[in-house]
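Given next are the chains, with one letter for each unit.
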Amino acid sequence: MNWTWVANHLPALPEALLLVGTCVLMIADARSADRRLGYWIAQATLLACFVATLWVLDVSDGRKYYIFSNLFVADTLAHLLKATCYLAVSTALVYSRQYLLDRGLLRGEFMSLLLFSLLGMMILISANSFLTVYLGLELMSLCLYALVALNRDSPQATEAAMKYFVLGALSSGLLLYGMSMIYGATGTLTIPEIAEHIQPLTGNASDKTFLVFGLVFMMAGVAFKIGVVPFHMWIPDVYHGAPTPVTLVIGSGPKIAAFAMAVRLLVNGLPALAADWQQMLALLAILSIALGNITAIAQSNLKRMLAYSAIANMGFMLLGLLSGMVDGNWLNREEAYAASLFYIIVYAIMTVGAFGILLLLSRAGFECEQLDDMRGLNRRSPWYALMMMILMLSLAGLPPTVGFYAKLVVLSAAVNAGWIWLAVAAVILSVVGAYYYLRVVKLMYFDDPADAAPVTGGIGARVLMSANGLAVLVFGLFPGGLMALCAVAIATL
Amino acid sequence: MLLSLAIWIPIAAGLVVLAMGGDRRAPLQRWIALAGALLGFLVTIPLYTGFDTQDAGFQFTQQILWIERFSIYYHLGVDGISVLFVLLNSFITLLVVGASWSQVESRVGQYNASFLILSGLLNGVFSALDAVLFYVFFEATLIPMFIIIGIWGGPNRVYAAVKFFLYTLAGSLLMLVALLYLYNASGGSFAILDWHKLPLTLAAQTLLFFGFLFAFAVKVPMWPVHTWLPDAHTEAPTGGSVVLAAILLKLGAYGFVRFTLPILPDASKDLAWLMIALSLIAVAYIGVVALVQTDMKKLIAYSSISHMGFVTLGFFVFNSYGVEGGLVQMISHGFVSAALFLCVGVLYDRMHTRMIADYGGVVNTMPKFAALMMLFAMANAGLPATSGFVGEFMVIMGAMQASFWLALVAATTLIWGAAYTLWMYKRVIFGAVANDRVAALQDLNARELAVLGLLAAAVLFMGVYPLPFTEVMHASVNELLRHVAASKL
Chain Z
303 MNWTWVANHL PALPEALLLV GTCVLMIADA RSADRRLGYW IAQATLLACF VATLWVLDVS
363 DGRKYYIFSN LFVADTLAHL LKATCYLAVS TALVYSRQYL LDRGLLRGEF MSLLLFSLLG
423 MMILISANSF LTVYLGLELM SLCLYALVAL NRDSPQATEA AMKYFVLGAL SSGLLLYGMS
483 MIYGATGTLT IPEIAEHIQP LTGNASDKTF LVFGLVFMMA GVAFKIGVVP FHMWIPDVYH
543 GAPTPVTLVI GSGPKIAAFA MAVRLLVNGL PALAADWQQM LALLAILSIA LGNITAIAQS
603 NLKRMLAYSA IANMGFMLLG LLSGMVDGNW LNREEAYAAS LFYIIVYAIM TVGAFGILLL
663 LSRAGFECEQ LDDMRGLNRR SPWYALMMMI LMLSLAGLPP TVGFYAKLVV LSAAVNAGWI
723 WLAVAAVILS VVGAYYYLRV VKLMYFDDPA DAAPVTGGIG ARVLMSANGL AVLVFGLFPG
783 GLMALCAVAI ATL
Chain G
-11 MLLSLAIWIP IAAGLVVLAM GGDRRAPLQR WIALAGALLG FLVTIPLYTG FDTQDAGFQF
49 TQQILWIERF SIYYHLGVDG ISVLFVLLNS FITLLVVGAS WSQVESRVGQ YNASFLILSG
109 LLNGVFSALD AVLFYVFFEA TLIPMFIIIG IWGGPNRVYA AVKFFLYTLA GSLLMLVALL
169 YLYNASGGSF AILDWHKLPL TLAAQTLLFF GFLFAFAVKV PMWPVHTWLP DAHTEAPTGG
229 SVVLAAILLK LGAYGFVRFT LPILPDASKD LAWLMIALSL IAVAYIGVVA LVQTDMKKLI
289 AYSSISHMGF VTLGFFVFNS YGVEGGLVQM ISHGFVSAAL FLCVGVLYDR MHTRMIADYG
349 GVVNTMPKFA ALMMLFAMAN AGLPATSGFV GEFMVIMGAM QASFWLALVA ATTLIWGAAY
409 TLWMYKRVIF GAVANDRVAA LQDLNARELA VLGLLAAAVL FMGVYPLPFT EVMHASVNEL
469 LRHVAASKL
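So the sequence lines, in the order shown, correspond to chains Z and G. To convert, count from 1 in the first sequence and add 302; that's this note's numbering. Note that this note's numbering gives residue 468 to position 480 of the second sequence, counting from 1, and the numbers run on in steps of one.
Simulated from the structure, these hints should not be mistaken for laboratory data. Please read these numbers as outputs of a predicted model, since none were measured by experiment. A portion of the hints provided could be inaccurate.
Covered stretches of chain Z (in silico footprint by chain G; criterion: 3 or more residues with CB under 8 Å from a CB of chain G, positions within the stretch not fixed) [to be verified]: (1) 522 to 536; (2) 694 to 704; (3) 727 to 739; (4) 742 to 753; (5) 782 to 795.
Restraint-style ranges between C-beta atoms, simulated for each label pair [to be verified]: (6) Z:D629 x G:A260: 33 to 41 Å; (7) Z:T758 x G:L279: 36 to 44 Å; (8) Z:D629 x G:T49: 38 to 46 Å; (9) G:F198 x Z:A793: 32 to 40 Å; (10) G:P143 x Z:Y479: 54 to 62 Å; (11) G:N423 x Z:T758: 23 to 31 Å; (12) Z:P502 x G:A473: 53 to 61 Å.
With a Cα cut of at most 25 Å, we get these calculated DMTMM-like pairs of lysine to aspartate or glutamate [stated by the list, open to error]: (13) Z:K510 x Z:E671; (14) Z:K366 x Z:E636; (15) Z:K465 x Z:E671; (16) G:K257 x G:D337; (17) G:K151 x Z:D629; (18) G:K257 x G:E467; (19) G:K151 x Z:D750; (20) G:K476 x G:E459; (21) G:K151 x Z:D675; (22) Z:K510 x Z:E498; (23) G:K151 x Z:E636; (24) G:K476 x G:D254.
Note that CB positions come from ideal geometry on N, CA and C, so glycine has one too.
Only chain Z is shown next, with the shape it has when bound in the complex (with noise of 0.2 Å):
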C-alpha cells in the first residue's frame, strides 16, 4: 500500500469514513431484526466524521489541499459548513427518532439514503470540477427524491417527490448547458482553471455574450437548488408533502450545500463574470423576500408558510453573495461572503428548531403541520412555546436572537456595496414577513388550546430541543465567535 498517497487525501477521511460507516449500516441493517440498530450506526458514523472533520481542519491549519487531480478541495470553508451538515443530520435523526418509531419508517432505507445524500453534499461543498459539482449534486437530489417518497402509501408525498424529481432533473439539465457552454469557451472543467482561463476572454464582446449565455443557465440551475424565485415552485409542494423529518433534512442540509455550491461555480469559478451574476442575484433576491413573505402569509398550513419563510430567507442570504465586488473592485469580498456564511448557518439552526417543534407535537396518528396546531402551546407547554417563539422571532430578525445578526450582517454587507435600494425593499419586506412569525407567536400564547394531549417525545429530542432553541438566544448574545469563523473560512478561501 502506498502510504504517502493515502497521507496526501487524508482530508477527504471524512467522506471515506461516511462511506464506510453507511455501508457498515446497509449490511447490519440487512442481518439484524433490529430496527435502532442502524440509528446508532448513523449517529456514530456521524460522530466520527465530526471528529475527523475537527481534525483535518486543525492539522490542514488553514491551507487548502486539492486532491484527486484537482477534483476535490477541502478547505477551511468546506470543514466548517461540512461540521454544520453532520450537525444538521444528527440534530433531524434525533427529533425524527419517535416520529419515525411510530409511524415505521425508521429503517435501513430511511438511515442509508440519509447518509448517501449527506456524502452528496459532502462532495458538493468540496467540488472542485464541474464534474464533481454534478456528482455531488445527483448523489445528494436522488437521494432526497427517493427519501421524499419513503411513505409511498401516501398519495401526498409520492406526488411531491414526483414534481421534486421532474423538476429536480430539469434543472440538473440547466446547469450541465450552462457548464457545457463554458467548458466550451474555457477548455477545461477545473473551476480554478475556469477563473484563469476566462478573464481575458471577457474583454471580447462575443466571447463574453457566450460566457454570459453560459451563465445565465448555471444560474438557474443553482438557484433551482438554493430555492428562489423565479425558480422555488418545489418548494412548497416538497416541504409539504415530505414526512416531517424529511423536510426537515431538506431545508437545512442541501441549502448548505447549494450555498457551497453557489461560492464554488460563481465566486471560485466565474469572478470575471461577477458584474453580471450579482445583478442576476440582486433578482433573485428582491423576487425571494417579495413571494416569499408575501405568500407565507396566505399560508395556513405551518410547513408550507416555514417553506415560503425559506424561500425568503434565501433571499436575504444572497444579499451577501451579490455584494462581494463594488465597481470592480474586489474591497468587500470577505465581509460579504462571510455574511451569507454566517446567514445560511444561522438559517440551518433556526430551520432545525422549528421543524425540530413540529416533530416533537406530532405523536402516533397525529401530524402536527397546521397552524392551528399551535394554539394554545403556552397553556400546554409554557417552555417549548419559549423555544417556538424564540425560533419565530429570530426567523422575523429581531434581537436579541441570532436571527437578527444574520440580518444586520448581509444588510451591512449590500449597504457596503451600495445596494441601497435593496436593503430598504428588503426591511420593507421583512417587516411584512414579520407578520406570519408573530401569528405563529399569536396562536400560541393568545389562544386557547384546541386539544391539551401533553407533549411527548424522546429525553434525547427534548433536551436538543432546549439545546436548539437556547443556542439561538445565546448566539443572539454573543455573535462574535461564529462571525469570527466565517470570517476566517471565508479568508482562506
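Since the structure of chain Z is already known, use the hints to place chain G on it.
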C-alpha cells in the same frame, strides 16, 4: 457597573419568576417580582445622587468589546438627558408590579416577568452608547410588550398587539438601514459619539433624517403615524398602558435627542419646519380628537399624543427652553399619564368598563380616589404647581423665542387639555350617582392609595420645585445645543 445592574437585575429577577412555573406559586412570584423591581430601583438612585451636574459628558460609563468583527461594544453611559429616564423607568416598574398585585390572576409569573424584563431592556435603551446595542434593546422591548397586550389585554387585544408590533418594527427597520449607512460612512464604527463628529453631506443627512424619523415618529407617536397608540392603550392591561405611556413613548423622543439632532444637525435645521408642523398638528388637532372620545383610556391615549407633540415641538425650536422643556415634559408626562391610566385601572377593576357614560357621581362613593384623580387631571391640563405646567410653560417660552405664532398655536393645548381632561373628570366623578354599580363602589385600598400617593407626591414636587430635575440636564442640553448649532457640512 451601576447601569449594568440597572439593566440586568430586573431581567434576572424576571427570569427567576419565569422559571418558577405556573400559577401555583403565584404569591411567591409576586413577592420576588416586587423585590426585583425594588432592587432595580434602588441601584438607580446612586445614578442621581452621584451625578456630576457640571459634567456635560457621559458618566457611569462601562465599555467592553462585544462583537469584535464589527467593533461593536457593550458601551453604557448616561448624561443629563438620559439619567432621569433610567430612574423614571425603574420607578414606574416598581409601581406597575405593585399595582397589578391582585388584578392579574392568570399566569402571574409570566406577567410580572414580562414587565421586569421590559424594564431592564428599557434601561438598556436609555444607557446604550453603541448603536447596535441601542438597536438590540430598542427592538427587544417590542417582544414583552407584544406579549403583555396580547395575553392580558381586552377583547380586541390581538389586533392591537399585532398593530403595535408591526408599526414599530416597520419604523425601526428603516432606522437599521440608516445605522448601517452611518457605520459604513464612519469607516466601521458603531459608537454613537463617533457619529456625532462625523461630517456628512446635506443629501446624506436628509436621507438619514427620514430613516430615523420613521423609527422615532412611530414611537413618539407623531401625527399621522399615531393610530396604533389608541388601540394599544385601550386593549392593554392597566400595567401595559402605564409602561407604554410613561416610558415606551419616550423612546422616540429620546431618539431624536440622541441621534437625529447631534448626528444630523443640518438636516434637522433644514427640516425643522416639517417637525414643527407635525408637532403642532398633534398638539392642536389631536387635542380636539381627544375631546370627543367616549372611552377613558382612548381619551388619555390621545392626550398623550398631544402632549408628546409638545415634546417634539420643544426639541425642534433649538433653544435651551425648548429642549429642556421637552425633556421636563417627558418626565412629567411619565408621572401624569401613568397616574391617569392607573386611575382608570382602579375604576375598571371595580366596574369592568372604561366608557365614560357608564360612570357618574363616583365622588360620592370614592372620595379619596376622586381627590387624587383631581390632582392628576389638573396636572394633565397643565395647572401651575403641578409637573404638567413646568414643561408646557418652558416649551411655550422656547416657541415664543422662535416665533409668536408658533407659541400661540402651541398654547391652545392649555385650552384643549383643560377641556378634555376636566370634562371627562366632571362626567365620571361629579354629578348624581349614575347607577347601582357606582353606588356600590369601594374606595381605594391601602395598596392603591400607596401607588397613587407616590405618583401624586412626584407630580406635586416636580410642579413646585423643578430644579432638581432641570439642573441635572442643564449642562448636557447646552452641550447638545452647541453641537447642533455647528454645521457638519
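Indices of hints not satisfied (ascending) | 1, 7, 11, 13, 16, 17, 20, 23
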